[in-house]
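With the hints as extra help, turn the sequences into a complete structure.
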Amino acid sequence: MDELPIRSGDDVVRVRQFVRNAAADNGLSLVDQTKLVTAASELARNTLVHGGGGVARVEVVKSANGRIGVKLDFTDEGPGISDIDLALTDGWTTGTGLGLGLSGTRRLVDEFELTSEPGAGTSVVVVKWSR
Amino acid sequence: MERVPILKIGQTLFVSIQIDLQDETVIRLQEDLADELAATGAHGVIIDITAVEIVDSFIGRMLTTIGSISRLFDAETVLVGMRPAVAITLTELGLSLSGVRTALNAEKGLEILNGKS
Amino acid sequence: MDVDGRNERMAAYLRDSHDKVVGRWTDLVVAGVRGRTSREEVRRELEDLYALIVRVLSGADEHAAGELTATLDELSRSRARDGFSPTETAVGVFSLKDAVYELVADAADLVPEFYSLSRMVDDLGLRTFEAYSSAREQIIADQSAAMLELSTPVVRLWDGVIAVPLVGTLDSARTQLVMEKLLDTLVATGADHAVIDITGVPTVDTEVAQHLLKTVSAARLLGAECTISGIRPQVAQTIVSLGIEFGDIATKASLADALALALRQAGLKVVPL
Chain A
59 MDELPIRSGD DVVRVRQFVR NAAADNGLSL VDQTKLVTAA SELARNTLVH
109 GGGGVARVEV VKSANGRIGV KLDFTDEGPG ISDIDLALTD GWTTGTGLGL
159 GLSGTRRLVD EFELTSEPGA GTSVVVVKWS R
Chain B
23 MERVPILKIG QTLFVSIQID LQDETVIRLQ EDLADELAAT GAHGVIIDIT
73 AVEIVDSFIG RMLTTIGSIS RLFDAETVLV GMRPAVAITL TELGLSLSGV
123 RTALNAEKGL EILNGKS
Chain C
477 MDVDGRNERM AAYLRDSHDK VVGRWTDLVV AGVRGRTSRE EVRRELEDLY
527 ALIVRVLSGA DEHAAGELTA TLDELSRSRA RDGFSPTETA VGVFSLKDAV
577 YELVADAADL VPEFYSLSRM VDDLGLRTFE AYSSAREQII ADQSAAMLEL
627 STPVVRLWDG VIAVPLVGTL DSARTQLVME KLLDTLVATG ADHAVIDITG
677 VPTVDTEVAQ HLLKTVSAAR LLGAECTISG IRPQVAQTIV SLGIEFGDIA
727 TKASLADALA LALRQAGLKV VPL
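Protein chains in written order, with the working numbering: chain A, 59 to 189; chain B, 23 to 139; chain C, 477 to 749.
Quick caveat, the hints were computed from the structure, so don't treat them as lab data. Check the hints yourself; a few may be wrong.
Below, computed lysine-lysine pairings styled on DSSO-like, alpha-carbon distance capped at 27 Å [what the hints assert, rightly or not]:
hint, chain 1, residue 1, chain 2, residue 2
1, B, LYS130, C, LYS496
2, C, LYS573, C, LYS657
3, C, LYS728, C, LYS745
4, B, LYS30, B, LYS130
5, C, LYS728, C, LYS657
6, C, LYS657, B, LYS130
In this text, all values refer to a predicted model and were calculated from it rather than measured experimentally.
So this is what it looks like as structure tokens:
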């Protein structure tokens, strides 16, 4: 498992590159790599902009039936999300919406888990499996 | 911080994005384009993203915003060369970038600007 | 778990009677194999299993259990590939009990040891069933993927016009594949018009409509315009009654109509010679 700090825009770029290499090295298709790295970019940016900075953890995982996947964990100690349902509300947008971009991000990955409490920070864990 | 260069050829501004975009670079590009449009009175903008591997919601919104800004200067923007993987990802994210026109490459982009369609 | 040392005693017994037991076990398995594998090969496989079983029973080696299951899984897979039924493979494993029983039948003091071995062999036999099952599932998954690939062609109708005739249900897996092939073909051919024909799609509900909209959206990001053709009368009624809106996407009843529209948009006209 690798840990990368998210304290600046440069760090977000670094996280993207790291995740892209991890995805490519572990057999994800090009489209799946793109989806995962894009999700990582969204989540890293959230961690930086809304969470006041935090850390990204990248891990290669194996499923019960032997498939390999890449697991990402974005954790911050920011203000937390008070209304999780609202943050995850879906909508086929034209891209002019504000917000945390979480509903879209969820569609890019296979597994998505969000834990957050006001005053206790936020943690988003996602997994993308190879086919 | 890296800056994306803007080329002027005739009445068109060309922007070719070759680097991994940081937020500040993106915002700077928007500002630079607005300046150039105001200064040159160009009729069109071509943004070439053939080399771009990741377009997230922030960059996607920037592209739409550039389209809106250009229109205020009576210029049209065409986004060219989007990679299939990027298009599929943007669609999944729910971004249709309906504020900008698109084309497969710069050549077709120019045809659009020059009134072919 | 070796509560009273019975497993260790059985391990010792198996070590001492190695040749007799493995020989008898091989006889029993070969009888079931009916010539599909050679006797030497069977003997080799059983020797490996036997050695691992003894190691597990003696309890000294913590890696033995893992190695045993791995070896057994590999054996199950290879038997499945060679066309053996899972019962045949399991029976082969179970027959170790028969081989051992024949030799301990008269030794009353080995009853608890034998019972323990018997339970262990039962578990191993059941395991071969599970391995067989997941191997079959993998084959089915691979075949489904191959079928999906085959049933999603993208054809070039004319300069700048490509068609995607969809046959069968349009689920999310299919949609992903269609999008990838469609977009790759747009790039490869430089086409700027795509006709998505849904004559062969049996039902168009809200989910299918969403998939179609997604596909069109993706194609538009590459500068291509799309037409959806093959709208059958019942499908049209369903779409309207469900309140599905195709917005500014052109729709046509037939592929021919869609081609005519695409050519018109490309500034072309078909005239007699």
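Now the hints, each set against the structure:
| no. | hint | result |
| --- | --- | --- |
| 1 | LYS130(B) to LYS496(C) | violated, 81 Å |
| 2 | LYS573(C) to LYS657(C) | violated, 56 Å |
| 3 | LYS728(C) to LYS745(C) | holds, 18 Å |
| 4 | LYS30(B) to LYS130(B) | holds, 17 Å |
| 5 | LYS728(C) to LYS657(C) | holds, 22 Å |
| 6 | LYS657(C) to LYS130(B) | holds, 21 Å |
The earlier numbered hints that this structure contradicts are 1 and 2.
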